[in-house]
Amino acid sequence: MNNKSFITRMSLLYYFTLALPLGFFVYVWLHFYDGSLQPLMPEVDITTNLMIIAIILLSAVGGIIYYKRSIQNAINAQNLRLKLTGFMTSNIVLFAAFEVASLAAVFGYFLSESGLFLAVYVGLLFYSTTKLRPERERVIKDLKLSEEEKEQLEI
1 MNNKSFITRM SLLYYFTLAL PLGFFVYVWL HFYDGSLQPL MPEVDITTNL MIIAIILLSA
61 VGGIIYYKRS IQNAINAQNL RLKLTGFMTS NIVLFAAFEV ASLAAVFGYF LSESGLFLAV
121 YVGLLFYSTT KLRPERERVI KDLKLSEEEK EQLEI
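In terms of UniProt numbering, the sequence shown is residues 1 to 155.
Simulated from the structure, these hints should not be mistaken for laboratory data.
What you are looking at is a predicted structure, and each value in this text was computed from that prediction instead of being measured.
A couple of the hints might just be wrong.
As the list claims (entries may be wrong) - EDC-like cross-link-like pairs, simulated, lysine to aspartate or glutamate; straight-line CA separation at most 16 angstroms:
(1) Lys150 / Glu135
(2) Lys150 / Glu137
(3) Lys4 / Glu151
(4) Lys131 / Asp142
(5) Lys4 / Glu154
(6) Lys68 / Asp142
(7) Lys4 / Glu137
(8) Lys4 / Glu135
(9) Lys4 / Glu149
(10) Lys141 / Glu154
(11) Lys141 / Glu151
As the list claims (entries may be wrong) - Label pairs and their calculated CB-CB ranges:
(12) Ile65 / Leu20: 22 to 30 angstroms
(13) Leu40 / Glu149: 48 to 56 angstroms
(14) Leu82 / Leu40: 30 to 38 angstroms
(15) Leu82 / Ser11: 19 to 27 angstroms
(16) Leu57 / Leu37: 19 to 27 angstroms
(17) Val61 / Glu147: 52 to 60 angstroms
C-beta: ideal position from N, C-alpha, C; glycine also.
Take these sequences, add in the hints, and give me the full structure.
This is how it looks when you write it as structure tokens:
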């Protein structure tokens with residue numbers, strides 16, 4: 001697997017995990033905006049909303065913690081192929097955790113039309129687009145590649 005195909009595969013996974021919650025959010029928001037959809041549970045109290053939001057955020061934080069622990073195995077791998085495979089595996093779990101958290105936030109918005117869920121979703125989306133995007137520089141930094149491995153990554 002060369003640099004271009006690895007980054008392309010990672011990018012496809014990344015953008016798919018962003019697209020699904022974003023599509024659901026756009027659908028819900030547009031229907032709320034034109035009045036054709038009403039929240040199913042508009043009377044949910046703030047305490048319940050905050051508890052649900054805490055669980056949503058724990059999902060994302062759990063993904064980050066798992067990533068930081070599992071990336072150590074990839075860093076210690078013997079060759080570049082094993083490092084890239086470990087990096088991809090760690091990122092798939094991280095992307096899935098953020099996708100689940102994002103979908104839960106959008107679903108919470110769908111149920112209650114609470115701005116808190118909207119803020120959580122936007123925060124998760126912002127973090128995903130700024131910190132999780134699979135780029136060559138991120139691969140090098142996260143895997144702590146040597147100069148020789150960086151050259152192999154270029155091939």
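Here's how the hints hold up against the structure:
1. Lys150 / Glu135: holds, 13 angstroms
2. Lys150 / Glu137: holds, 10 angstroms
3. Lys4 / Glu151: Between Lys4 and Glu151 the Cα gap is close to 13 angstroms, so the pair holds against 16 angstroms.
4. Lys131 / Asp142: holds, 12 angstroms
5. Lys4 / Glu154: holds, 8 angstroms
6. Lys68 / Asp142: Roughly 9 angstroms between the alpha carbons, so the hint for Lys68 and Asp142 holds.
7. Lys4 / Glu137: holds, 13 angstroms
8. Lys4 / Glu135: Answer holds: Lys4 to Glu135 is near 10 angstroms, not above 16 angstroms.
9. Lys4 / Glu149: Holds, because 15 angstroms separates the two Cα atoms, which is no more than 16 angstroms.
10. Lys141 / Glu154: Satisfied, since the Cα-Cα distance of roughly 15 angstroms is no more than 16 angstroms.
11. Lys141 / Glu151: holds, 14 angstroms
12. Ile65 / Leu20: 22 to 30 angstroms: holds, 23 angstroms
13. Leu40 / Glu149: 48 to 56 angstroms: The hinted range 48 to 56 angstroms holds for Leu40 and Glu149, with Cβ atoms some 52 angstroms apart.
14. Leu82 / Leu40: 30 to 38 angstroms: violated, 47 angstroms
15. Leu82 / Ser11: 19 to 27 angstroms: Taking Cβ atoms as reference, Leu82 and Ser11 lie about 21 angstroms apart, which means the hint holds.
16. Leu57 / Leu37: 19 to 27 angstroms: holds, 26 angstroms
17. Val61 / Glu147: 52 to 60 angstroms: Between Val61 and Glu147, where Cβ atoms are some 34 angstroms apart, the hint is violated.
Hint check: violations occur at hints 14 and 17; the rest are consistent with the structure.
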